[in-house]
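Heads up: the sequence lines are chains A and B, in that order.
Counting from 1, position 272 in the first sequence corresponds to residue 272 in the numbering used here; the numbering is continuous, with no gaps.
Counting from 1, position 201 in the second sequence corresponds to residue 512 in the numbering used here; the numbering is continuous, with no gaps.
If you're looking for bench data, these hints aren't it; they were derived computationally from the structure.
Among the clues, some could well be false.
Unchecked claim - Which stretches of chain A does chain B cover? Using the computed rule of at least three CB atoms under 8 Å from a CB of chain B, they are:
| # | segment |
| --- | --- |
| 1 | 62 to 70 |
| 2 | 108 to 117 |
| 3 | 138 to 150 |
| 4 | 170 to 177 |
| 5 | 253 to 267 |
| 6 | 285 to 297 |
Just so it is clear, the structure is predicted and the values come from calculations on it, not from any experiment.
The beta-carbon is built from N, C-alpha and C at its ideal position, and this holds for glycine as well.
Chain by chain, the residues:
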Amino acid sequence: MAGILVYSNKGTLALELLNAAAALARVNSQGIKAVSINNSGMAADLAARGAEVYALDNEALLPADTAAIAESLRQLAEQLDVSIVLLSSDRRGKELAGRLAQIWRAGCLTDVKGLQSENGALLCIRNVLGGATVATQQIVNDRQVIALSPGAFAPAGELDGGIINPAVVEIKPSALKLLEVREKAGDSVDIEAADILVVVGQGVENQQDLSLIQQIAKALGAEVACSKPVASDKKWLGEERIVGLSGKICKPQLALILGVSGQVQFTVGIREAGTIVSINSDEKAFMNSMADYVLVADLKDVIPELAKQLA
Amino acid sequence: MMNIVVAMKQIPDLRQIRIRNGQPVLEDVPLTFGNIDKNALEAGVQLKEALGGKVMVVAVGSEALEDTVKEALAAGADEAYLVLDGKLENSDSARSAELIARIIKGIENVDLILFGEGSGDNYSGQVGSRVAGMLELPQASYVRSIEVNGNKATVVRSLEDCEEVLEMEMPLVLSVLADINEPRIPSVSQILKAGKKPREILDIEVPEGVQVKTISNLAPQMQRKQTSVESAQELIQVLAAEGYKGVK
Numbered sequence: 001m002a003g004i005l006v007y008s009n010k011g012t013l014a015l016e017l018l019n020a021a022a023a024l025a026r027v028n029s030q031g032i033k034a035v036s037i038n039n040s041g042m043a044a045d046l047a048a049r050g051a052e053v054y055a056l057d058n059e060a061l062l063p064a065d066t067a068a069i070a071e072s073l074r075q076l077a078e079q080l081d082v083s084i085v086l087l088s089s090d091r092r093g094k095e096l097a098g099r100l101a102q103i104w105r106a107g108c109l110t111d112v113k114g115l116q117s118e119n120g121a122l123l124c125i126r127n128v129l130g131g132a133t134v135a136t137q138q139i140v141n142d143r144q145v146i147a148l149s150p151g152a153f154a155p156a157g158e159l160d161g162g163i164i165n166p167a168v169v170e171i172k173p174s175a176l177k178l179l180e181v182r183e184k185a186g187d188s189v190d191i192e193a194a195d196i197l198v199v200v201g202q203g204v205e206n207q208q209d210l211s212l213i214q215q216i217a218k219a220l221g222a223e224v225a226c227s228k229p230v231a232s233d234k235k236w237l238g239e240e241r242i243v244g245l246s247g248k249i250c251k252p253q254l255a256l257i258l259g260v261s262g263q264v265q266f267t268v269g270i271r272e273a274g275t276i277v278s279i280n281s282d283e284k285a286f287m288n289s290m291a292d293y294v295l296v297a298d299l300k301d302v303i304p305e306l307a308k309q310l311a
Numbered sequence: 312m313m314n315i316v317v318a319m320k321q322i323p324d325l326r327q328i329r330i331r332n333g334q335p336v337l338e339d340v341p342l343t344f345g346n347i348d349k350n351a352l353e354a355g356v357q358l359k360e361a362l363g364g365k366v367m368v369v370a371v372g373s374e375a376l377e378d379t380v381k382e383a384l385a386a387g388a389d390e391a392y393l394v395l396d397g398k399l400e401n402s403d404s405a406r407s408a409e410l411i412a413r414i415i416k417g418i419e420n421v422d423l424i425l426f427g428e429g430s431g432d433n434y435s436g437q438v439g440s441r442v443a444g445m446l447e448l449p450q451a452s453y454v455r456s457i458e459v460n461g462n463k464a465t466v467v468r469s470l471e472d473c474e475e476v477l478e479m480e481m482p483l484v485l486s487v488l489a490d491i492n493e494p495r496i497p498s499v500s501q502i503l504k505a506g507k508k509p510r511e512i513l514d515i516e517v518p519e520g521v522q523v524k525t526i527s528n529l530a531p532q533m534q535r536k537q538t539s540v541e542s543a544q545e546l547i548q549v550l551a552a553e554g555y556k557g558v559k
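Just chain A, same shape as in the assembly (with noise of 0.2 Å):
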């Protein structure tokens, strides 16, 4: 297999590609070419994970310019003679995969929750439909750019071997001023990192059960989120709290779900949990199919029973 580059702009990711990597060329992560921009702090961590680090340090290459983060990627590509960069598929690495993939010629998927390699041939697991189903799929071209999910790979191990090489690449001014970074409204609660959450859905239907809710999350070191309606159209939590296609996919040990139906767009987001407990008040709800526990009952009366019970 020829070369791969492995490029995140968020550390922890950047680890977890690098171990891909390592995993689809079949050796260990020494000699795995990484990219690390403006950040030698994350240039030192890959390199002592044995990678082959190369270290741009340009002050006019912004991470916002994802113009000339491509660019700056695809001339690296064509130097160091890779076939296949794998990017996270955070918001940034998937902005970026398609404009890499356009102007270095190469295939590419996104959202990409597992490898493997068959007969020389690199599979892609990912959701598609909406996450009703789940695709194994090849990029034909000779080039691939793969955005690898975040959790999907463990973060390389400490490994000696790393250097660390300065690279050079030729860009445009900037066509883009960044005026301001600022932090998000709202909590910053990671839900992907809970190992317990409490999901409420829109068969909670009084906004006062969610201090209860809150008390039952608590009792159980959990944290509080929810299906996507709860946050966009009764705005009742924020978004970075919703579990789904277009929230967060996690994959808590416990899943405590209360009154979602459960639409794919909805259950792609939960499916992979530990043990999924499905409390609705329609026993046809398609979400109960779903869960190791079903408890059908009216949540009006179930929220402040379980909040009296785990006090």
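We have chain A; now place chain B onto it with these hints.
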């Protein structure tokens, strides 16, 4: 006055897809536009209403698109440019992007090209970035607000952990988030008028072959216990038996 292109993708109505023997059943599933594409259209229509100009829908797909596009014309688009070909029923991002870029190159003085952050069915989010790359235009994705001043746009890009406020010169390519707006529901008279709005079917040859081959596409196997419990108390007992923290 702005010339705004909104690129939209015709997809099967995801709520109506059923699974049979592990395979998705797509026959007789009605076609529609992706939800986030409708947000992109609404963003374009709102800018046009504020600043004047024209909203043009660009889409490529199977022949049924000629009918599907009426949804967009009813929801405020002024005209549509389409490439229709049966081969496009199962296309990939690279080919769709190439066709969309070729259509846009044929439209004069485009200021803004809008996409949804991802299509409803595949959600790979590539096409907008590919089109921007092909047209060599600046771009931003995950945009949750757009303000236009003269030939500049101020956009807010929402990342996982922060927001960036960017000033960009037009023409440019933006992919918007679902939270940018609430798409309007067209009235009956708008739906009736949509049929009379101009739709141009372009004679652009669709390249053979795709870059992504699908080896298999199956519903995930779900093996869950599906055990019924009768009360909150019993639920707590079974969870305690499984050893969950906080459950006594």
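Status of the hints after comparison with the structure:
1. Requiring three or more residues with a Cβ within less than 8 Å of a Cβ of chain B, the coverage given for the segment 62 to 70 of chain A holds, as 5 such residues are present.
2. With a cut-off of 8 Å between beta carbons, the segment 108 to 117 of chain A has 4 residues touching chain B; three or more are needed, and the interface restraint holds.
3. Only residues whose beta carbon comes within less than 8 Å of a beta carbon in chain B count, and the segment 138 to 150 of chain A has 4; three or more means the coverage holds.
4. Counting residues of the segment 170 to 177 of chain A whose C-beta sits closer than 8 Å to any C-beta of chain B gives 3, which meets the bar of three, so the coverage hint holds.
5. With a cut-off of 8 Å between beta carbons, the segment 253 to 267 of chain A has 5 residues touching chain B; three or more are needed, and the interface restraint holds.
6. Using a Cβ-Cβ cut-off of 8 Å, 10 residues of the segment 285 to 297 of chain A lie near chain B, which meets the minimum of three, so the contact claim holds.
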